Amino acid sequence: METWVVATGLVFLYILFTILLGVVANRRMTVDMEDFLLYGRRAGFVVLYLTVVATFHSAFAFLGSSGFFYTHGIGFWMAGTWTVLVGAITYVLGTRIWALGKAFGYMTPADMLADFYESEAVRVVVAIVSVVFTILYIQVQAQGLGYIINVASGDRISYEVGTLVLLAVAAFYLMAGGLRAVYWTDVLQGIWMYAAVWIGALVLSYELFGGPLELWRAVIAERPDLLTLPGPEGFFTPGMWLGMTITLSFGIVFQPHMMIRYYTAVDGRTLKLLGATTPIYLVTLYIPTALVGLGGALVMPDLAVPDRIFPELLFAYAPAWLTGLILAGATAAAMSTLDSILHANMTVLTRDVYQRYVAPDRTQAHYVAVGRAFVILLLGVGYALSVRTFDFLVVLVTLSGSGALQLMPAILGVCFPGRRTLTRAGVLAGIGAGLAALYVTLVLLPHPYGVHGSIWSLLVNAAVALNVSALTRPPSAETIARVHGELERFVYGEEAQPSEIRT
Amino acid sequence: MSPPGYRSHFIPRTREGRTATVAFLVLFALCMPPFTHTVLNRIDPTVLGVPFFWAALFVIYTLLIGVLVRALRSGV
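If you're matching them up, the sequences are chains A and B in order. Under my numbering, think of the first position of the first sequence as 1, with each following residue one higher. Under my numbering, think of the first position of the second sequence as 1001, with each following residue one higher.
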């Protein structure tokens, strides 16, 4: 049987399995917003672990990272810095977000920020930032899916048709089972993608070089320029290293599809365990992609689209069944992120826009139905955006992360009590100035002085937020006492002592 | 009435918390510039056949995860 038949067949078998999971999840679902949008805040460790890692690692972990190793060399091993940092952020910040969500019923990032800063303008701005910048991320995943199905079928299924089919499948099981379906499919996807990338990389390294160590020796001998910084094309400068670390850790965690996961944990201890252990999965996934990218640079040195190095090597050197298995794993990587982003945007639009401003007093079933309608709308927008193609998926991810990064000062202001607090005016001015700076430093004058644009924009955002906050009215004493008092109790296990409160 | 200001949550209040924070920050600094672009930026000596840069970062990442696990066990 031809390779493309087996590969495409296995990808579609995998898709069928996710649809079945969506149907089963639908039967377990109750018509309730917390259940549909937040898994009833009952996610345990295993489910949460696999959904977080599967969501974090997207199409770019499979395709973009191998492409980056292929083009820019060993510098992409810096991925370990942002993935370890994600664990620490979950440990320290994620637990606080969970505690506030549980105490005050927050469902979205905008819920938390609007409540603390006592501002509907903050809610609207945060909702817009959340949706606009993650729609770019839908585009990234959809493009990854299009690439995969196009490659798997040997150009027999067009990029456009492949993208549409896989987007529709993700939308179907999301509409059927809500976040429960997303989590269940993420469990499957998280296991599948990890196994697939490791098996594929090991098989290829043995097939082509005699093993991983022999692969390293070959790269040292033939392409030493790939093994030092800043890489053959000078990409990994200190400024880029720092910028990508901040952007792809904080910037991704502050996207709604990651933050909402914190709200869904069954308890704080589960989130701490998650923070301490997710880096093991996240970091080690980049070991096999390095083998693929660096080995691929020796075997196929003139590939026009570096992101395709993994599937191209599979088609050339791996057995058909393995190629199909691994491409299905790549599909899992993209779909697990895509469904989460669709869900998060649906949640933001339903909760922060529709329920808040359009129809505040409807039944739970009504909001669930509206959420499903938003999924169809997002599917259309995502598809329309994804028809444009880009070579490097990771660059788009960086742009997406940079937008969500602008929420960082506001979120830290809520989650880390201190002597001073930010104000609504400070937060809004900071986000506005940060986004303007982002446009300048990513689009007009990309990465001034070799420092990633997101760092410049974050510095501008923080400086404006702090200075404007110093001159404007803070949230009411009651709100600060309520929210920060809750954190004081959650983190330190007791009521704040009078001596610990400064007025 | 001025709003209440709590003791900063950025500064750890317990010994275990301070130890974990300092250990994490020091190790994290080792996988950041300028350390990465100077001291670590070499192929030789290879470690078990793997370039020095790769092996050194692998060790640092492992230690960072170790700090998080240790913090969890000590209840920080």
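Think of the hints as simulated: they come from the structure by calculation, not from any bench. Computed from a prediction, not measured in an experiment: that's the story for all the values here. Certain hints may be false.
Partial selection, computed: residues in chain B whose CB lies under 8 Å from chain A [as the list claims (entries may be wrong)]: (1) Y1006; (2) F1010; (3) T1019; (4) F1024; (5) C1031; (6) V1047; (7) V1050; (8) F1053; (9) Y1061; (10) L1064; (11) V1069.
Every residue, glycine too, gets a C-beta built ideally from N, C-alpha and C.
Tested hints:
1. Y1006: holds (4 Å)
2. F1010: holds (6 Å)
3. T1019: Violated. Min distance 15 Å.
4. F1024: holds (6 Å)
5. C1031: holds (5 Å)
6. V1047: Nearest chain A Cβ about 10 Å off; hint violated.
7. V1050: holds (5 Å)
8. F1053: holds (6 Å)
9. Y1061: Given a least distance of 4 Å, the restraint on B/Y1061 holds.
10. L1064: holds (5 Å)
11. V1069: holds (5 Å)
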